[in-house]
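Q: Required output: the full structure, derived from the provided sequences and hints.
Residue numbers (numbering that gives the first Met the number 0), protein chains in the order written: chain G, 0 to 238; chain F, 0 to 238; chain V, 0 to 238; chain P, 0 to 238.
If you are wondering where the hints come from, they were derived from the structure by calculation, not from laboratory data. Misleading hints may appear alongside valid ones.
Taking lysine to aspartate or glutamate pairs in the EDC-like style, the calculated list, with each CA pair at most 16 Å apart, reads [unchecked claim]:
id : chain 1 : residue 1 : chain 2 : residue 2
1  : F       : 104       : F       : 115
2  : F       : 108       : V       : 82
3  : G       : 225       : F       : 142
4  : P       : 108       : G       : 78
5  : V       : 232       : F       : 120
6  : F       : 225       : V       : 157
7  : V       : 225       : F       : 157
8  : P       : 107       : G       : 82
9  : V       : 124       : F       : 235
10 : F       : 147       : G       : 235
11 : F       : 2         : F       : 37
12 : V       : 108       : F       : 78
13 : V       : 108       : F       : 82
14 : V       : 147       : P       : 235
15 : P       : 124       : G       : 235
16 : P       : 232       : V       : 142
17 : G       : 124       : P       : 235
18 : V       : 108       : F       : 157
19 : G       : 107       : P       : 82
20 : G       : 232       : P       : 120
21 : G       : 147       : F       : 235
22 : P       : 225       : G       : 157
23 : V       : 124       : P       : 235
24 : F       : 232       : V       : 120
25 : V       : 232       : P       : 142
26 : G       : 225       : F       : 139
Please read these numbers as outputs of a predicted model, since none were measured by experiment.
Protein chains: 4
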Amino acid sequence: MIKVTVWNEFRHEHIHEEVREVYPDGLHRAIADGLEAEDGLSVRTATLPEPEHGLTQEVLDGTDVLIWWGHMAHHEVDDEIVERVHRRVMDGMGLIVLHSGHFSKIFKKLMGTSCDLKWREAGEKERVWVVDPAHPIAADLPEYFEIKPEEMYGEHFDIPAPDELVFVSWFEGGEVFRSGCTYKRGQGRIFYFRPGHETYPTYYHPLVRRVIANGVRWAAPSGAAKPVRGNHKPLESLG
Amino acid sequence: MIKVTVWNEFRHEHIHEEVREVYPDGLHRAIADGLEAEDGLSVRTATLPEPEHGLTQEVLDGTDVLIWWGHMAHHEVDDEIVERVHRRVMDGMGLIVLHSGHFSKIFKKLMGTSCDLKWREAGEKERVWVVDPAHPIAADLPEYFEIKPEEMYGEHFDIPAPDELVFVSWFEGGEVFRSGCTYKRGQGRIFYFRPGHETYPTYYHPLVRRVIANGVRWAAPSGAAKPVRGNHKPLESLG
Amino acid sequence: MIKVTVWNEFRHEHIHEEVREVYPDGLHRAIADGLEAEDGLSVRTATLPEPEHGLTQEVLDGTDVLIWWGHMAHHEVDDEIVERVHRRVMDGMGLIVLHSGHFSKIFKKLMGTSCDLKWREAGEKERVWVVDPAHPIAADLPEYFEIKPEEMYGEHFDIPAPDELVFVSWFEGGEVFRSGCTYKRGQGRIFYFRPGHETYPTYYHPLVRRVIANGVRWAAPSGAAKPVRGNHKPLESLG
Amino acid sequence: MIKVTVWNEFRHEHIHEEVREVYPDGLHRAIADGLEAEDGLSVRTATLPEPEHGLTQEVLDGTDVLIWWGHMAHHEVDDEIVERVHRRVMDGMGLIVLHSGHFSKIFKKLMGTSCDLKWREAGEKERVWVVDPAHPIAADLPEYFEIKPEEMYGEHFDIPAPDELVFVSWFEGGEVFRSGCTYKRGQGRIFYFRPGHETYPTYYHPLVRRVIANGVRWAAPSGAAKPVRGNHKPLESLG
Chain G
0 MIKVTVWNEF RHEHIHEEVR EVYPDGLHRA IADGLEAEDG LSVRTATLPE
50 PEHGLTQEVL DGTDVLIWWG HMAHHEVDDE IVERVHRRVM DGMGLIVLHS
100 GHFSKIFKKL MGTSCDLKWR EAGEKERVWV VDPAHPIAAD LPEYFEIKPE
150 EMYGEHFDIP APDELVFVSW FEGGEVFRSG CTYKRGQGRI FYFRPGHETY
200 PTYYHPLVRR VIANGVRWAA PSGAAKPVRG NHKPLESLG
Chain F
0 MIKVTVWNEF RHEHIHEEVR EVYPDGLHRA IADGLEAEDG LSVRTATLPE
50 PEHGLTQEVL DGTDVLIWWG HMAHHEVDDE IVERVHRRVM DGMGLIVLHS
100 GHFSKIFKKL MGTSCDLKWR EAGEKERVWV VDPAHPIAAD LPEYFEIKPE
150 EMYGEHFDIP APDELVFVSW FEGGEVFRSG CTYKRGQGRI FYFRPGHETY
200 PTYYHPLVRR VIANGVRWAA PSGAAKPVRG NHKPLESLG
Chain V
0 MIKVTVWNEF RHEHIHEEVR EVYPDGLHRA IADGLEAEDG LSVRTATLPE
50 PEHGLTQEVL DGTDVLIWWG HMAHHEVDDE IVERVHRRVM DGMGLIVLHS
100 GHFSKIFKKL MGTSCDLKWR EAGEKERVWV VDPAHPIAAD LPEYFEIKPE
150 EMYGEHFDIP APDELVFVSW FEGGEVFRSG CTYKRGQGRI FYFRPGHETY
200 PTYYHPLVRR VIANGVRWAA PSGAAKPVRG NHKPLESLG
Chain P
0 MIKVTVWNEF RHEHIHEEVR EVYPDGLHRA IADGLEAEDG LSVRTATLPE
50 PEHGLTQEVL DGTDVLIWWG HMAHHEVDDE IVERVHRRVM DGMGLIVLHS
100 GHFSKIFKKL MGTSCDLKWR EAGEKERVWV VDPAHPIAAD LPEYFEIKPE
150 EMYGEHFDIP APDELVFVSW FEGGEVFRSG CTYKRGQGRI FYFRPGHETY
200 PTYYHPLVRR VIANGVRWAA PSGAAKPVRG NHKPLESLG
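A: Structure follows, in structure tokens:
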């Protein structure tokens, strides 16, 4: 059983009617609903307004994979909570960062770059192409799928070259984007997945849900021993 | 259930008494025994002397992960069988290449390089270090393990930079070696694992067996759609 | 001074009037002309109809970077010459493979995969995006450039994940393609660059010429020592 | 002409007699001396005690490649200066981080991981092996070189998998270490190189100096256009 926590800043839903219409119970509920339909996953949610943003040490210790959606309130996420999430990733917790989470404190801290990009909100078509059909995150997907309407994100996306590039998106307006990127940091596995603008029903799309569920399975902890660091006695006699 | 076929050229065992003493039923049997102790794997073996080297189209079609051990008879492997294995890797079959299999036709074909290296048979100590503790192939391993006696393989190992470097070996005689390397080719996942000289009981070592079983699970087919290639009609109207 | 040899199968130009109109002296001459305008490069050409396809051992030994354009006559390239080129790449010669060279014997041998892809000849627009603006192959380029008309190549392109992904192309008809890919194999550096259909004037495009010249400088031999392989005495005394 | 700034915290030299004996003018002077013997480099130094640590905006704007040595005073480096260096890396300045610089604020910020490792100060032998002989940082090096005495650094080194792994070290006491690692972040190129304990004369070693000079040439800015980010109008008409 993989324990998943879906985190959402849950702000747009309170102040923007058009977001509430699409996601009446919050983006996190739509994402969690998709995961609850899967076998072998145990799903909970957490949001910014909760104490400690719902991410107490106990919750994180009981989380195998954390999913992160944020946008307008990145700066309100407490630095201490960011450190706590970072330590858990170093210790093996998986992390899936969605869409505008590219600018979250935790993603920028893990990437070490600006994570900036081009964007345009014009309800256009995105076509997500699988460029790594050997990857488990591509399981049960066709070779491409379309999302319309979606926001455009365009290159250059200022991230480290991903360890694995799973998806590249084509946009109607003429741009491309590295839409599915995996990273390992410490013992943690990280998956960035682009789609998911808050005013569009992206998280009800069955293939978007398929990708997120595949990502959760891929990002679950590896089970390797925690490395020992610091001063170390020789294993062989020194000459 | 992951279907595994363990392939061995099965030649040393017939002509070298000291190999037969260590592996009386063949190296493949020792490797297969290790895998049969695992849950969720269905294991068969195949060897060079069998018709079509035991690798008929039917056997390969029923194989999720193929394990390859060869050394002195690489050149006797039929080119047509090599092509058949290659096509199956392109279509998603996993492949685990062990030790002297670095010089097999199939590994050289998949790598595109000479796959040459330094070597020395002196019964020395190898210490295998985990350098990617986020990788599932490192599951349930300590941060290093030792094998003695082992043959030395040393850098420069003429392979493409691995997609993921899981292990680096330290050798008593002063060399290092990239001992655990993963690759994706076509839809297939490939794992090269260094240890396993034929006169040493390496394949009875519990942690070597752990690595091979982890490798099998990692290399199982991803389940993504088979890409369509060739002439392609436009998905959008051309201006 | 970097010594460059531009190789072309030089077949379309003899039998297809529309190719001869665009490249009256052959594709190789247009590519070579672009390079001859650069400082620090010494350029020669070689073609399939010449003895040994113009790629004698002496020519290859005097070549730092080989550029390869082929399409309809891949199968006529002698296997021995392919081996010779391959050995030189292993020993450090750079190789730039253009467009339909994706299906050349030498590229397929170096990649180890089918190198197949989607394609369409419809004179559409290609927009080449820089996705690695830290790469010297992107020097003096804008963040994207357009080529129209061009042939479409689409994913999934069956290559190993590139060591570095420099360009991704957007196509009018709805596809994307990893258009600029680098690899190291042996001591050689390889750059695959997509554009260049034989009936279009792509190799006169100043930015396409910029990319090829940048590629030549990047692919020039590194100057590291040739590794010694085979049996190796211990550097430390064995216990 | 590549403009290099060698930065040193310059603290051990003031308080530890044994460091001052080895590096009477500071570690930075020994490193700078090595570089000044090279063609095409213009070298200056900067140290922690200087105003703004010697790294004013003007100095950084005039620096193509910054070299960083720090150890006991990482925490005294002003966060604002770290941000300034980070922005310059994003904009294309090269960065070479030496030895104990693995724990500097700038390296940890760029990596996104703890950058922790094993260590031992026992004056033992390090043998640095070239594992990427196609890399320009390996130019003019033999296939391995030895440094004795050196401090041991051992795996697991908590860094992102390097874009390119150039060196792996063997240590007398039984450990291995990824000693030469390259990264691209933003438009900047980063090279981490392990050797250089402050009480040992490592920076007078001719091959260590060769590596650092090669690293400088490799890390120099690529010359690609600065990407434009933010809101972006469509390049094609939207349907």
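Q: Which of the numbered hints are not met once you compare them with the structure shown?
A: When the structure is compared with the hints, none of them turns out to be violated.
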